[in-house]
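Assemble chain B onto chain A, guided by the hints.
Number of protein chains: 2
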Amino acid sequence: MTTTDTKITLSESDIPTHFYNIAPDLPTPLEPPLHPGTKQPIGPEDLAPIFPMELIKQEVSQEPFIEIPDEVRDIYRLYRPSPLYRARALEEALDTPAHIYYKSEHVSPVGSHKLNTALMQAWANKQEGVKRLATETGAGQWGSALACACQLMGLECMVYMVRISYDQKPYRKVMMKTYGADVVASPSNLTNAGRAILEKHPDSPGSLGLAISEAVEDAAGRDDTKYSLGSVLNHVLLHQTIIGQEAKKQMEIAGEYPDVLIGCHGGGSNFGGIALPFVRDKIKDGKTDLRVIAVEPGACATLTQGKREYDFGDVAATTPLLMMHTLGHEFIPPPVHAGGLRYHGSAPIVSHLLNEGLIEAEAYFQGETFKSAIEFARCEGTIPAPETSHAVHSAMVHARKAKEEGKPTVILFNLSGHGHFDLASYQAYLDGTMDLNA
Amino acid sequence: MTTTDTKITLSESDIPTHFYNIAPDLPTPLEPPLHPGTKQPIGPEDLAPIFPMELIKQEVSQEPFIEIPDEVRDIYRLYRPSPLYRARALEEALDTPAHIYYKSEHVSPVGSHKLNTALMQAWANKQEGVKRLATETGAGQWGSALACACQLMGLECMVYMVRISYDQKPYRKVMMKTYGADVVASPSNLTNAGRAILEKHPDSPGSLGLAISEAVEDAAGRDDTKYSLGSVLNHVLLHQTIIGQEAKKQMEIAGEYPDVLIGCHGGGSNFGGIALPFVRDKIKDGKTDLRVIAVEPGACATLTQGKREYDFGDVAATTPLLMMHTLGHEFIPPPVHAGGLRYHGSAPIVSHLLNEGLIEAEAYFQGETFKSAIEFARCEGTIPAPETSHAVHSAMVHARKAKEEGKPTVILFNLSGHGHFDLASYQAYLDGTMDLNA
Numbered sequence: 001m002t003t004t005d006t007k008i009t010l011s012e013s014d015i016p017t018h019f020y021n022i023a024p025d026l027p028t029p030l031e032p033p034l035h036p037g038t039k040q041p042i043g044p045e046d047l048a049p050i051f052p053m054e055l056i057k058q059e060v061s062q063e064p065f066i067e068i069p070d071e072v073r074d075i076y077r078l079y080r081p082s083p084l085y086r087a088r089a090l091e092e093a094l095d096t097p098a099h100i101y102y103k104s105e106h107v108s109p110v111g112s113h114k115l116n117t118a119l120m121q122a123w124a125n126k127q128e129g130v131k132r133l134a135t136e137t138g139a140g141q142w143g144s145a146l147a148c149a150c151q152l153m154g155l156e157c158m159v160y161m162v163r164i165s166y167d168q169k170p171y172r173k174v175m176m177k178t179y180g181a182d183v184v185a186s187p188s189n190l191t192n193a194g195r196a197i198l199e200k201h202p203d204s205p206g207s208l209g210l211a212i213s214e215a216v217e218d219a220a221g222r223d224d225t226k227y228s229l230g231s232v233l234n235h236v237l238l239h240q241t242i243i244g245q246e247a248k249k250q251m252e253i254a255g256e257y258p259d260v261l262i263g264c265h266g267g268g269s270n271f272g273g274i275a276l277p278f279v280r281d282k283i284k285d286g287k288t289d290l291r292v293i294a295v296e297p298g299a300c301a302t303l304t305q306g307k308r309e310y311d312f313g314d315v316a317a318t319t320p321l322l323m324m325h326t327l328g329h330e331f332i333p334p335p336v337h338a339g340g341l342r343y344h345g346s347a348p349i350v351s352h353l354l355n356e357g358l359i360e361a362e363a364y365f366q367g368e369t370f371k372s373a374i375e376f377a378r379c380e381g382t383i384p385a386p387e388t389s390h391a392v393h394s395a396m397v398h399a400r401k402a403k404e405e406g407k408p409t410v411i412l413f414n415l416s417g418h419g420h421f422d423l424a425s426y427q428a429y430l431d432g433t434m435d436l437n438a
Numbered sequence: 001m002t003t004t005d006t007k008i009t010l011s012e013s014d015i016p017t018h019f020y021n022i023a024p025d026l027p028t029p030l031e032p033p034l035h036p037g038t039k040q041p042i043g044p045e046d047l048a049p050i051f052p053m054e055l056i057k058q059e060v061s062q063e064p065f066i067e068i069p070d071e072v073r074d075i076y077r078l079y080r081p082s083p084l085y086r087a088r089a090l091e092e093a094l095d096t097p098a099h100i101y102y103k104s105e106h107v108s109p110v111g112s113h114k115l116n117t118a119l120m121q122a123w124a125n126k127q128e129g130v131k132r133l134a135t136e137t138g139a140g141q142w143g144s145a146l147a148c149a150c151q152l153m154g155l156e157c158m159v160y161m162v163r164i165s166y167d168q169k170p171y172r173k174v175m176m177k178t179y180g181a182d183v184v185a186s187p188s189n190l191t192n193a194g195r196a197i198l199e200k201h202p203d204s205p206g207s208l209g210l211a212i213s214e215a216v217e218d219a220a221g222r223d224d225t226k227y228s229l230g231s232v233l234n235h236v237l238l239h240q241t242i243i244g245q246e247a248k249k250q251m252e253i254a255g256e257y258p259d260v261l262i263g264c265h266g267g268g269s270n271f272g273g274i275a276l277p278f279v280r281d282k283i284k285d286g287k288t289d290l291r292v293i294a295v296e297p298g299a300c301a302t303l304t305q306g307k308r309e310y311d312f313g314d315v316a317a318t319t320p321l322l323m324m325h326t327l328g329h330e331f332i333p334p335p336v337h338a339g340g341l342r343y344h345g346s347a348p349i350v351s352h353l354l355n356e357g358l359i360e361a362e363a364y365f366q367g368e369t370f371k372s373a374i375e376f377a378r379c380e381g382t383i384p385a386p387e388t389s390h391a392v393h394s395a396m397v398h399a400r401k402a403k404e405e406g407k408p409t410v411i412l413f414n415l416s417g418h419g420h421f422d423l424a425s426y427q428a429y430l431d432g433t434m435d436l437n438a
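So the sequences go chain by chain: A and B.
Sequential numbering from 1 applies to the first sequence in the working numbering.
Sequential numbering from 1 applies to the second sequence in the working numbering.
Do not take every clue at face value.
Claimed, not checked - What follows is a list of derived Cβ distance ranges for each label pair:
1) B:G367 x A:L34: 50 to 56 Å
2) B:E45 x A:A438: 54 to 60 Å
3) B:A428 x A:S204: 27 to 33 Å
4) A:F331 x B:G180: 35 to 41 Å
5) B:D25 x A:P69: 56 to 62 Å
6) B:G367 x A:A438: 41 to 47 Å
7) A:P335 x B:G180: 25 to 31 Å
8) A:G221 x B:G367: 47 to 53 Å
9) B:D25 x A:R291: 53 to 59 Å
10) B:D435 x A:E71: 39 to 45 Å
As the list claims (entries may be wrong) - Once the Cα atoms are required to be at most 30 Å apart in a straight line, the calculated BS3-like pairs of lysine-lysine come out as:
11) B:K177 x A:K131
12) A:K177 x A:K7
13) B:K177 x A:K169
14) B:K169 x A:K169
15) A:K407 x A:K282
16) A:K39 x A:K57
17) B:K371 x A:K169
18) A:K248 x B:K7
19) B:K249 x A:K7
To be verified - Coverage of chain B stretches by chain A, computed from C-beta distances (three or more under 8 Å per stretch; other residues unrestricted):
20) 107-114
21) 118-130
22) 260-268
23) 369-378
24) 426-432
Keep in mind that the hints were calculated from the coordinates and are not lab data.
Here a beta-carbon is modelled for each residue, glycine too, at the ideal position from N, C-alpha and C.
One chain only, chain A, in its complex shape:
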């Protein structure tokens, strides 16, 4: 990188060859998931009906590095390595001594980091003869990613999309169908779970918890189908670590190391993806001064306000119990625009790291995140997704703090997605109709 370069690109041979698994490096071991009935630790056989064995193995693996299959790396070439930007125009606008860097995961064809794990999951299922994946989606980011991955890997894809999003955000649905997926509104009449709700509430707007129940039932009931989840679980965060691995290499080329590392946090996959390879440095390479910050919405402040305890992953209390910071599985987050961060729980790995004091958490209300997102777009060109805007805002908070303290600070955050499908949210902010303090 020369002194005037704006971005650091790597060659395709720099795409990581392995996923980084933090489990064996943790100071204390992760607590195991418990069976929802027996409350005893679950074994591989409990998960086999809905996940392929390769992913179950990854979920509990103690290997620090897990090889990425060639076919997955080949498809990563479509958009990886993703560029790392130096936000020079933003630095100038903030008149800060901080150096601000952002990793750009929005360059994937589906517009977010979600494709990283979707491709690996589709591949692992294909290897074991699975023909079809079922999943749920709220706003549609995850559904788009899995639809694209299934198409590129030659699998069928079935998406249960929360009814209210299905009606209000039609473009994500069209995107999934363009990639060849079947998309139905949830609750649907295709599952017992869906039919039970529709009988009582024919006009039900649906919920993510219910859509999960439908997708799991679909997968459990068909030999050719498995279930796929886009966040929270260990193997999902594992796949996303290619983000942080690339970013580390790019920061080396820039000749800097972050003082503050930032990712937005909903289920934990984006945050884990950028953070875990750097957290490894804190644990193993003495980078004890590095601050690693998960940023969540004030309206769903799992890490800053939740309790760390065993809880269910879904509203209906049917999934294994996970040890995590949670607001309670019956908590219904307010309808903030960062739909991807509206989850009552958190990834067990992230929760564990917070408990160990290896990471920190911050929460912001949506008004301030949109204000910062617009300032960012006006400097850097890219309009961030509302979820990502939480990381953007935090980066700007820390850059302003660096100015106040007169302290050169190197800040790195993950630009996990663009906002092309979220402009109705920007409109609400610009028109003054948004609840700024939600």
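Leaving out everything else, chain B in the frame of chain A:
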């Protein structure tokens, strides 16, 4: 590029230092624009009220290479050089001996190539003390690009957006406002031209021709404001030649030279951008076998069905007369989904090249272009804009022909924009409600 690489990226130092001006290399000179009143060739003074002198000079320049200002090149770094892809998955799906390459202009923050000229135009205006640019936009691609460029260069931006698009495509409008632009529906009550229409037709849906009249009137009536156009004119195509210059360098790295070069064609800026540096090779370097193909919609087949003659650029017959292939300035194209290709005329440079036999033209109906676009998205991940889909379709036609003829053929096309704002069109195609033969 190794044998398995998917894309060829260049470093920021490879961003072209000069725009390529084809005018002095043409076998016969371009016909001059004529004054709409006197029908005599216009001079710089006729254009000075609405364009800055630097762009007027570029419009008539006979210099083969025109230096790109450092500040413009610096902002190009945000998204340039754009990657060149080898479409390996598409080649495999088509089972063709052809090698298919595509240049990716959709990676710009606004999602298309339009930002290339918007930045240069904003810079040239700023140099001459202009504070504000006025323009028109139909579907919103150009308006978004100019809004972004003005924001990055520190100018104000006023966009007259065709009323029907303003109402039907709200997200492009929000994007422009996010970049800080003022956006009004045209006809508006801000100009004489707009008020005259509104008096007679209060519910007028507007038209691009009328929006041009409003923007020109705005610029002509204010000392601080000039007008900006996103296609057709010589200086606009000039700025876009950075696309073809980068692509040539990337094809060299790939160790291939195109047999067939393809760009979609509306006003001509995207086509000219990829094509002109290669047409130079035909004229000056003996690359006489290279086929260069402009692809237009069957519903607005300017090059394949229009006459080459002097015609007005706008419906109201107020602009200078340009020598171009035209369907007549009163021609109202059917409402096909590729809104950016719905223009009655063509760039004088493109028209001239067609007349000289240096390029060819093809026309396709929208049904076949959407079918090909979906096949492309399912192989390559990226969903193309409906305009771009014309180039995608032509590339696939030529790849299939290569298979029939058993002839290895190197095909290069420009992926000028993504379809994130056009998914309603994809929905119409997938739902079977599109007029396929329009």
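Against the structure, the hints come out as follows:
A hinted range of 50 to 56 Å holds for the C-beta pair G367 of chain B and L34 of chain A, which are about 55 Å apart. At about 57 Å, the beta-carbon gap between E45 of chain B and A438 of chain A stays in the expected band of 54 to 60 Å. Look at A428 of chain B against S204 of chain A: about 28 Å separates their beta carbons, and that is inside 27 to 33 Å. Range check, F331 of chain A to G180 of chain B: Cβ separation about 38 Å, and the 35 to 41 Å hint holds.
Between D25 of chain B and P69 of chain A the beta carbons are some 50 Å apart, a value that contradicts the proposed interval 56 to 62 Å. Hint check: G367 of chain B to A438 of chain A, Cβ distance near 44 Å, so the stated range 41 to 47 Å holds. Between P335 of chain A and G180 of chain B the C-beta distance comes to about 28 Å, which sits within the given range of 25 to 31 Å. Separated by about 38 Å at the C-beta atoms, G221 of chain A and G367 of chain B break the suggested range of 47 to 53 Å.
In this structure the hint that D25 of chain B and R291 of chain A lie 53 to 59 Å apart at CB holds, the actual value being about 57 Å. Checked against the hint of 39 to 45 Å, the C-beta distance between D435 of chain B and E71 of chain A comes to roughly 40 Å, which is consistent with it. The straight-line distance between the Cα atoms of K177 of chain B and K131 of chain A is roughly 45 Å, outside the 30 Å bound, and the hint therefore fails. Restraint check for K177 of chain A and K7 of chain A: the C-alpha separation of about 34 Å exceeds 30 Å, so the hint is violated.
Only pairs whose Cα atoms come within 30 Å are accepted, and K177 of chain B paired with K169 of chain A is accepted, the gap being roughly 21 Å. Restraint check for K169 of chain B and K169 of chain A: the C-alpha separation of about 14 Å stays at or below 30 Å, so the hint holds. Only pairs whose Cα atoms come within 30 Å are accepted, and K407 of chain A paired with K282 of chain A is accepted, the gap being roughly 22 Å. Note on K39 of chain A and K57 of chain A: the hinted pairing holds, with a Cα-Cα distance of about 21 Å set against a maximum of 30 Å.
Restraint check for K371 of chain B and K169 of chain A: the C-alpha separation of about 23 Å stays at or below 30 Å, so the hint holds. Straight-line distance between C-alpha atoms of K248 of chain A and K7 of chain B comes to about 22 Å, which keeps the hinted pair within the 30 Å bound. Our distance criterion of 30 Å between C-alpha atoms is met by K249 of chain B and K7 of chain A, whose separation comes to about 20 Å. By the rule of at least three residues with a Cβ nearer than 8 Å to a Cβ of chain A, the coverage given for the segment 107-114 of chain B holds, with 5 such residues.
Residues of the segment 118-130 of chain B with a Cβ under 8 Å from some Cβ of chain A number 0, which does not satisfy the need for three, so the listed coverage is violated. Coverage of a stretch by a chain is defined here by at least three residues with a beta carbon nearer than 8 Å to that chain's beta carbons; for the segment 260-268 of chain B and chain A the count is 0, and the condition is violated. Requiring three or more residues with a Cβ within less than 8 Å of a Cβ of chain A, the coverage given for the segment 369-378 of chain B holds, as 3 such residues are present. Counting residues of the segment 426-432 of chain B whose CB lies closer than 8 Å to any CB of chain A gives 3, so the stated coverage by that chain holds, three being the minimum.
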